[in-house]
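Chemist: One-letter residues, chain by chain:
There are 2 protein chains.
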Amino acid sequence: MKFTEPVLDNLISLISRLPGLGPKSARRIALHLFKNKENLMKPLADTLGIAHEKILRCKICGAIKSVDANCTISKCEYIDNSYDQLCIVENIADMWAMEATNIYKGHYHILGGTLSALNGSDPESLLIGSLIDRVKKNNVKEVIIATSATIEGQTTAHYINDSLKNLNIKITKLAHGLPVGSEIEYLDDGTLFSAFKYRNSIGEK
Amino acid sequence: MKFTEPVLDNLISLISRLPGLGPKSARRIALHLFKNKENLMKPLADTLGIAHEKILRCKICGAIKSVDANCTISKCEYIDNSYDQLCIVENIADMWAMEATNIYKGHYHILGGTLSALNGSDPESLLIGSLIDRVKKNNVKEVIIATSATIEGQTTAHYINDSLKNLNIKITKLAHGLPVGSEIEYLDDGTLFSAFKYRNSIGEK
Chain A
427 MKFTEPVLDN
437 LISLISRLPG
447 LGPKSARRIA
457 LHLFKNKENL
467 MKPLADTLGI
477 AHEKILRCKI
487 CGAIKSVDAN
497 CTISKCEYID
507 NSYDQLCIVE
517 NIADMWAMEA
527 TNIYKGHYHI
537 LGGTLSALNG
547 SDPESLLIGS
557 LIDRVKKNNV
567 KEVIIATSAT
577 IEGQTTAHYI
587 NDSLKNLNIK
597 ITKLAHGLPV
607 GSEIEYLDDG
617 TLFSAFKYRN
627 SIGEK
Chain B
427 MKFTEPVLDN
437 LISLISRLPG
447 LGPKSARRIA
457 LHLFKNKENL
467 MKPLADTLGI
477 AHEKILRCKI
487 CGAIKSVDAN
497 CTISKCEYID
507 NSYDQLCIVE
517 NIADMWAMEA
527 TNIYKGHYHI
537 LGGTLSALNG
547 SDPESLLIGS
557 LIDRVKKNNV
567 KEVIIATSAT
577 IEGQTTAHYI
587 NDSLKNLNIK
597 ITKLAHGLPV
607 GSEIEYLDDG
617 TLFSAFKYRN
627 SIGEK
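First to last, the protein sequences are chains A and B.
Here the first sequence is numbered in my numbering, starting from 427 and rising by one per residue.
Here the second sequence is numbered in my numbering, starting from 427 and rising by one per residue.
Okay, chain A solo, but in the shape it has when bound:
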């Protein structure tokens, strides 16, 4: 590939490191940005610059917030000082997914990942200490652990359960079972095992 313009080369290589994008789509995006220099490339450059400077992870709830603003995203204690329920999620995308269901309207605690020796995420980086503080300080009655149904997610859930079990609060986790719309025949053993084990009385809500 003949291309001797280093700035554009550099831009393409950076874009291709974004999730879901390969070299071809990176090239397409770079050319599109170039075609829309004033109304897309410039605002994107500026917004990224501002985001880099101003946006930080809240050290209490784990949400993303501006350094010069109170944390309003996960309604952490800066905003609201007493609440009954606290939902623990791995990351912000998980919070968005929970929000989209409309079943839960309360506060979140965003771990920012799962416990993992490989990735170097320890209880401190997952804000477990701050979680215990929040639960104590805000008089939380129920902690809902909404980590993924993966080995890492479940390990993290166990760890959080262990950390919180002396606080005399209700600790729940999301139900395992049949995904809505699934056919028994095509389900994996693990899901079917969980669905059978955690079966409910018909009529129970």
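The reader is advised that the hints may include incorrect statements.
It does not matter which identical chain is meant; a pair holds if it fits inside one copy or across any two.
The calculated lysine-lysine pairs, modelled on PhoX-like cross-linking and capped at a C-alpha distance of 20 Å, are [to be verified]: (1) Lys468 to Lys480; (2) Lys461 to Lys485; (3) Lys599 to Lys531; (4) Lys563 to Lys596; (5) Lys563 to Lys591.
No wet-lab data here; the hints were simulated from the structure.
Fit chain B to the given chain A structure using the hints.
Modeler: Frame of chain A; chain B shown alone:
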């Protein structure tokens, strides 16, 4: 969707305007950028800023070039002053595609689009004037018109042919016919018609 951080909202909405990306992938990319603030978000912001400032379209050959550098991409007259062949493509991605075939190693003229009343691309914005200049000045023997096989591409090819026909040079266009690997049964009428009309003697190269 609960999200009250305006900078991040703004970033997501800008990213979702890039080609091939929707709101979900834009959110994923924004969070990825946020997770890699120092080694991805910052360099991307800087590179976009530099690209916005320094990169321009060459007014002679249509290629992208730094404002403080000679245009080396399409070997326009700044670099080289006489050449036999000139290949006309619609955009830079088309030039890359041509380059990838390795069949043509010469100079390019990048129109930056096709003639279109709707998009407001007139002969001036397509650098047709500069094309005629280049052909005259550089003693070009053959102009290869490699515009797309769409109505717009072919209209543009006709227009270019009309503009150049008094210059007494060879004007060629890419062959129409069967794509390599295609099966006759599944080809559209237009392609089959062209393939039949432009059939070659067997053994001819």
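Chemist: Which of the numbered hints are not met once you compare them with the structure shown?
Modeler: Hint check: nothing fails, all pass.
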